[in-house]
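Visitor: Chain by chain, the residues run as shown.
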Amino acid sequence: MSTGLEKEAETSVDEIAELIGERAIARDDHLNAPGFVINPADVQDVLFDLRDVAGYDHCSCVTAQQYADRYETIYHLTKYGNRTDEVSIVVPTTLEEPVSQSGEPVYRTADWHEREAYDLIGIEYEDHPDLRRILLPETWQGHPLAGDYDQTKPQLVTLAEHANPLQADHHDTESETMFLNIGPHHPATHGVLHVKTVLDGETVVDVDPDIGYLHRCEEQMCQQGTYRHQIMPYPDRWDYVSSGLLNEWAYARAIEDMADIEVPEYAQIIRTFSAELCRIASHMLALGTFALDVYGEFTATFQYTFRDREVVQDILEDLTGQRMMFNYFRVGGVAWDLPEPREEFFAKTRDFLDELPAKVEEYNDLITTNEIFQLRCVDTGILEPDVAKQYGCTGPVARGSGVDYDLRRDDPYGYYPNLEWDVVTEDGYDNYSRVLVRMQEVEESAKIIQQCLELLEEWPEDDREIQANVPRTLKPDTDAEIYRAVEAAKGELGIYMRSDGTDKPARFKIRSPCFSNLQALGEMTEGEYIPDLVASLGSLDIVLGEVDR
Amino acid sequence: MTGGAATLLQSNDTVLLPERIADLTGLGELGVAGELTAAFLGAFIVANLMLATTGVAGPWAKRKITAAFTDRIAVNHLGPAGIFVIVADSVRLLSKENIIPENADRPAYDLAPIIIASSALLGFAVIPMGSGVHLADPEVGLAYVFAVAGIASIGLVMAGYASGNKYSMLGGLRAVAQNIAYEIPLVVTGMSVVLFAGSLRMSEIVAVQNETVLFTIPGLEWAVPAWFALVNPFAFVLFLIANFAEVGRNPFDMPEAPAELIAGYQTEYSSVYFVLVYLGEFLHIFLGGAIIATIFLGGPAGPGPAEIGIVWFLLKIWAVFLLTQWLRSAIPRVRIDHLIEIGWKGLLVLSFANLGLTAAIVGVVFA
Numbered sequence: 001m002s003t004g005l006e007k008e009a010e011t012s013v014d015e016i017a018e019l020i021g022e023r024a025i026a027r028d029d030h031l032n033a034p035g036f037v038i039n040p041a042d043v044q045d046v047l048f049d050l051r052d053v054a055g056y057d058h059c060s061c062v063t064a065q066q067y068a069d070r071y072e073t074i075y076h077l078t079k080y081g082n083r084t085d086e087v088s089i090v091v092p093t094t095l096e097e098p099v100s101q102s103g104e105p106v107y108r109t110a111d112w113h114e115r116e117a118y119d120l121i122g123i124e125y126e127d128h129p130d131l132r133r134i135l136l137p138e139t140w141q142g143h144p145l146a147g148d149y150d151q152t153k154p155q156l157v158t159l160a161e162h163a164n165p166l167q168a169d170h171h172d173t174e175s176e177t178m179f180l181n182i183g184p185h186h187p188a189t190h191g192v193l194h195v196k197t198v199l200d201g202e203t204v205v206d207v208d209p210d211i212g213y214l215h216r217c218e219e220q221m222c223q224q225g226t227y228r229h230q231i232m233p234y235p236d237r238w239d240y241v242s243s244g245l246l247n248e249w250a251y252a253r254a255i256e257d258m259a260d261i262e263v264p265e266y267a268q269i270i271r272t273f274s275a276e277l278c279r280i281a282s283h284m285l286a287l288g289t290f291a292l293d294v295y296g297e298f299t300a301t302f303q304y305t306f307r308d309r310e311v312v313q314d315i316l317e318d319l320t321g322q323r324m325m326f327n328y329f330r331v332g333g334v335a336w337d338l339p340e341p342r343e344e345f346f347a348k349t350r351d352f353l354d355e356l357p358a359k360v361e362e363y364n365d366l367i368t369t370n371e372i373f374q375l376r377c378v379d380t381g382i383l384e385p386d387v388a389k390q391y392g393c394t395g396p397v398a399r400g401s402g403v404d405y406d407l408r409r410d411d412p413y414g415y416y417p418n419l420e421w422d423v424v425t426e427d428g429y430d431n432y433s434r435v436l437v438r439m440q441e442v443e444e445s446a447k448i449i450q451q452c453l454e455l456l457e458e459w460p461e462d463d464r465e466i467q468a469n470v471p472r473t474l475k476p477d478t479d480a481e482i483y484r485a486v487e488a489a490k491g492e493l494g495i496y497m498r499s500d501g502t503d504k505p506a507r508f509k510i511r512s513p514c515f516s517n518l519q520a521l522g523e524m525t526e527g528e529y530i531p532d533l534v535a536s537l538g539s540l541d542i543v544l545g546e547v548d549r
Numbered sequence: 001m002t003g004g005a006a007t008l009l010q011s012n013d014t015v016l017l018p019e020r021i022a023d024l025t026g027l028g029e030l031g032v033a034g035e036l037t038a039a040f041l042g043a044f045i046v047a048n049l050m051l052a053t054t055g056v057a058g059p060w061a062k063r064k065i066t067a068a069f070t071d072r073i074a075v076n077h078l079g080p081a082g083i084f085v086i087v088a089d090s091v092r093l094l095s096k097e098n099i100i101p102e103n104a105d106r107p108a109y110d111l112a113p114i115i116i117a118s119s120a121l122l123g124f125a126v127i128p129m130g131s132g133v134h135l136a137d138p139e140v141g142l143a144y145v146f147a148v149a150g151i152a153s154i155g156l157v158m159a160g161y162a163s164g165n166k167y168s169m170l171g172g173l174r175a176v177a178q179n180i181a182y183e184i185p186l187v188v189t190g191m192s193v194v195l196f197a198g199s200l201r202m203s204e205i206v207a208v209q210n211e212t213v214l215f216t217i218p219g220l221e222w223a224v225p226a227w228f229a230l231v232n233p234f235a236f237v238l239f240l241i242a243n244f245a246e247v248g249r250n251p252f253d254m255p256e257a258p259a260e261l262i263a264g265y266q267t268e269y270s271s272v273y274f275v276l277v278y279l280g281e282f283l284h285i286f287l288g289g290a291i292i293a294t295i296f297l298g299g300p301a302g303p304g305p306a307e308i309g310i311v312w313f314l315l316k317i318w319a320v321f322l323l324t325q326w327l328r329s330a331i332p333r334v335r336i337d338h339l340i341e342i343g344w345k346g347l348l349v350l351s352f353a354n355l356g357l358t359a360a361i362v363g364v365v366f367a
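Residue numbers (my numbering), protein chains in the order written: chain G, 1 to 549; chain E, 1 to 367.
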């Protein structure tokens with residue numbers, strides 16, 4: 001494993017306690033991090049201190065939930081320079097007056113997270129710049145994840161005419177801006193994303209992504225499923241473009257840490273092996289669809305990437321029996337061993353790995369070295385590292401902005417710590433860098449697969465334990481809370497779970513990397529041209545299934 | 001390439017298609033009415049020839065070519081190599097409901113597809129296609145082709161504005177900006193050919209290219225003719241690039257740009273109107289190919305007897321079509337501001353440099 005990065009200093013619990021001081025009214029430790037309970041009026045104060053003094057520059061997630069006697073907002077903070085150094089800030093509010101101070105001035109990323117909390121739970125955030133619903137329509141009545149929500153009540157959703165938010169901002173009579181709805185049905189939005197755009201000629205002056213068209217109540221569905229069996233199929237449906245196993249791992253990791261389950265080494269290797277195959281498939285798709293955005297719909301590149309992705313899909317199908325909705329991971333291991341005859345499976349994978357370098361070479365010939373492509377991508381969609389951190393960007397988007405952050409290395413899990421590979425970063429901060437990062441990550445993933453393959457081939461036959469011994473009904477301790485993340489194809493995919501002692505989670509919160517990355521779109525595109533907006537959106541590589549959940 | 005060749009040609013003028021029809025059918029003896037009928041018949045034949053070419057290219061050849069570039073098979077169910085998809089597609093396209101947007105500006109909305117399609121057809125009137133297929137041969141042939149091809153811009157703008165759709169309008173605006181930026185280099189580069197040929201008459205431009213021998217390869221029977229693409233490759237490349245922008249193909253397919261503007265000016269067109277717009281686009285590609293073939297590639301000339309000239313001519317325009325599809329598969333789209341920059345700062349300057357250079361060479365060397 002690469003150890004090139006010096007970890008930032010760890011802030012001890014005592015230091016945090018001292019920093020927060022009197023403002024901490026209680027402790028509420030989570031399994032992953034110490035938790036401090038503070039008053040709703042102290043939120044910004046405490047968060048500023050933690051960010052500026054203690055160096056917690058990454059607000060990974062904001063979870064909101066309702067207890068019988070109170071609402072609660074949890075800010076899951078960590079550091080880009082030291083992922084394992086985590087702290088949770090718990091902000092309770094009363095049921096009668098669920099008002100809490102907003103964390104948005106401290107972490108820009110809290111903007112959307114708090115809007116979601118307001119939308120689904122019903123907590124209001126003071127000082128929030130734009131507190132309106134995010135996933136559900138403006139006219140929705142009630143908050144679906146709140147206790148008193150009536151599911152049977154019919155909802156009226158009206159069609160509203162969109163108004164140009166910059167209508168009043170015409171600096172002279174000559175200038176005129178035009179409001180344009182890009183999406184939800186548009187060739188370049190990669191799903192049902194609706195970007196409310198204001199144009200001045202061809203220049204983008206205001207961007208407001210409108211999400212929620214693909215909201216499928218994934219969190220609630222997980223809350224209604226049992227830990228042991230019923231939750232695992234859902235993660236495949238979040239980021240549904242072939243990154244299924246990476247998502248499954250997010251849940252697997254969270255529940256295994258929560259219930260203290262040790263995964264056998266052999267199963268860890270299979271997990272690492274198959275997850276990296278998923279990453280290759282996902283990055284191939286990202287590359288192909290990005291080419292669609294920049295080249296036009298008849299490009300050869302798109303078909304080439306799909307041709308090569310197909311090989312990966314075949315291998316995954318041999319392994320899991322499925323092409324997209326794998327449902328292959330189990331709590332404590334994987335569903336079954338490698339397919340028989342094993343030699344054939346190994347040979348197939350090896351062929352793929354042998355052919356990959358030539359293919360990557362071909363992509364470089366076709367895409368990255370093309371002058372027009374460079375003209376389109378270099379220095380467009382700039383995302384500075386500081387801005388990326390403020391928006392909680394992770395994955396290839398952050399690494400394309402020079403942020404050296406990868407959970408596989410920084411918060412080790414699976415078999416990654418025992419393997420030789422590197423974290424790829426690029427310092428262009430632009431669309432081009434993000435493409436380069438993905439292409440190099442494909443090569444790094446191939447390295448990991450190669451090493452796993454060698455291990456699997458030589459693994460003793462009598463030691464192939466694919467699942468740990470997990471009780472049939474899993475009931476974690478009452479009030480156990482955990483927030484755990486893995487490096488999914490698009491970035492940090494985190495899961496927060498709270499147990500109430502039953503076999504189903506009391507709260508299941510998904511931290512989607514696409515959700516946070518998409519927030520940065522405005523920052524990347526305002527002042528640029530429409531084609532750059534399209535290219536930047538493509539380079540973010542969002543999947544709306546994961547954004548909306 | 002001298003005045004001598006031009007005078008020689010004028011004395012034995014080519015027989016045009018309407019005259020030939022008049023002679024063959026005896027219509028010529030009926031006076032003006034008969035000649036008019038013969039002219040219409042000729043126009044009908046040429047128009048159908050080009051529409052048939054487009055019909056093959058649009059629903060079938062384009063799919064097959066793109067598929068070959070992208071590792072696919074494309075249509076293969078109906079007939080040999082799926083060729084009968086042309087019939088199926090025609091029925092499908094024509095039987096669809098023609099939806100006209102509520103706030104479309106009529107009749108501009110209805111006229112635009114007709115203008116787009118017919119302007120390209122008009123251009124073919126003066127193109128010598130070989131084997132006697134040549135409708136008219138006016139003195140100002142080349143200028144006429146550029147003029148009628150330019151009418152299409154009006155059609156694009158009308159379509160863009162009249163659709164009552166913001167994407168259409170952006171597409172229409174782009175189309176105008178692009179056409180203005182690229183029509184000037186196109187015409188100026190075309191002028192350099194006129195300097196060589198000493199005439200705007202299409203038949204003469206073709207004749208001059210084939211009269212002169214550029215050089216002979218020792219040991220080979222066939223002498224390399226002085227096609228202007230070989231005489232002045234620089235002008236040829238300039239003209240090709242400007243032509244791609246003019247007909248709106250990759251890397252300059254800005255007015256449609258599906259990933260950005262959905263389908264640009266044609267977003268709102270459906271059914272018959274869509275067919276007309278689509279047809280017009282392909283006709284324009286072929287008209288561009290025909291101009292290139294005529295002024296740079298020796299028109300219908302090629303090895304073999306002169307009677308099969310039309311085969312060579314069709315081969316040449318299909319070659320240009322193939323090139324457009326190849327670029328479409330392989331090259332990214334440039335951005336609108338880059339496009340305008342390339343047009344005004346690059347191509348325009350280069351085309352004037354080319355014109356000056358050609359004038360100097362023609363003036364000094366051939367004086």
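Heads up, a few of these hints could be off.
DMTMM-like mimics (lysine to aspartate or glutamate), calculated; alpha carbons at most 25 Å apart, straight line [stated by the list, open to error]: (1) E:Lys345 / G:Asp200; (2) E:Lys64 / G:Asp200; (3) G:Lys196 / G:Glu526; (4) G:Lys447 / G:Asp260; (5) E:Lys166 / G:Glu362; (6) G:Lys475 / G:Glu202; (7) E:Lys64 / G:Glu523; (8) E:Lys166 / G:Asp45; (9) E:Lys166 / G:Glu202; (10) G:Lys447 / G:Glu340; (11) G:Lys475 / G:Glu465; (12) E:Lys64 / G:Glu297; (13) E:Lys166 / G:Asp206; (14) E:Lys62 / G:Asp206; (15) G:Lys7 / G:Asp379; (16) E:Lys345 / G:Asp28; (17) E:Lys166 / G:Glu371; (18) G:Lys196 / E:Asp71; (19) G:Lys348 / G:Asp200; (20) G:Lys196 / E:Asp337; (21) E:Lys345 / G:Glu371; (22) G:Lys359 / E:Asp71; (23) G:Lys196 / G:Asp379; (24) E:Lys345 / G:Glu202; (25) E:Lys166 / G:Asp463.
For the record, the hints were derived by calculation from the structure and aren't laboratory data.
Visitor: Assess, step by step, whether the Cα of Lys196 of chain G is no farther than 25 Å from the Cα of Asp337 of chain E, and give holds or violated.
Guide: Holds, at roughly 23 Å.
Visitor: Decide if the proposed pair is consistent with the structure: Lys345 of chain E and Asp200 of chain G, CA atoms, cutoff 25 Å inclusive.
Guide: Satisfied, since the Cα-Cα distance of roughly 24 Å is no more than 25 Å.
Visitor: Take the C-alpha atoms of Lys475 of chain G and Glu202 of chain G, compute the straight-line distance between them, and say whether it is at most 25 Å.
Guide: violated, 57 Å
Visitor: Taken at face value, is the distance from the CA of Asp71 of chain E to the CA of Lys196 of chain G at most 25 Å?
Guide: violated, 37 Å
Visitor: Take a quick look at whether Lys166 of chain E and Glu202 of chain G sit within 25 Å of each other, Cα to Cα.
Guide: holds, 12 Å
Visitor: Hinted pair, alpha-carbon criterion (25 Å max): Lys359 of chain G, Asp71 of chain E. Please report holds or violated.
Guide: Holds - the C-alpha atoms of Asp71 of chain E and Lys359 of chain G are around 14 Å apart, at most 25 Å.
Visitor: Is Lys348 of chain G close enough to Asp200 of chain G, meaning Cα to Cα at most 25 Å?
Guide: violated, 53 Å
Visitor: Take the C-alpha atoms of Lys166 of chain E and Glu371 of chain G, compute the straight-line distance between them, and say whether it is at most 25 Å.
Guide: violated, 31 Å
Visitor: Quick one, are Lys166 of chain E and Asp45 of chain G close enough, alpha carbons at most 25 Å?
Guide: violated, 46 Å
Visitor: Please verify whether Lys475 of chain G and Glu465 of chain G have alpha carbons no more than 25 Å apart.
Guide: holds, 24 Å
Visitor: With a cut-off of 25 Å on the C-alpha distance, tell me whether Lys196 of chain G and Asp379 of chain G pass.
Guide: Distance of about 24 Å is within 25 Å: holds.
Visitor: Between Lys64 of chain E and Asp200 of chain G, does the CA-CA distance stay at or below 25 Å?
Guide: violated, 40 Å
Going through the hint list in order, the structure does not satisfy hints 2, 4, 5, 6, 7, 8, 14, 15, 16, 17, 18, 19, 25.
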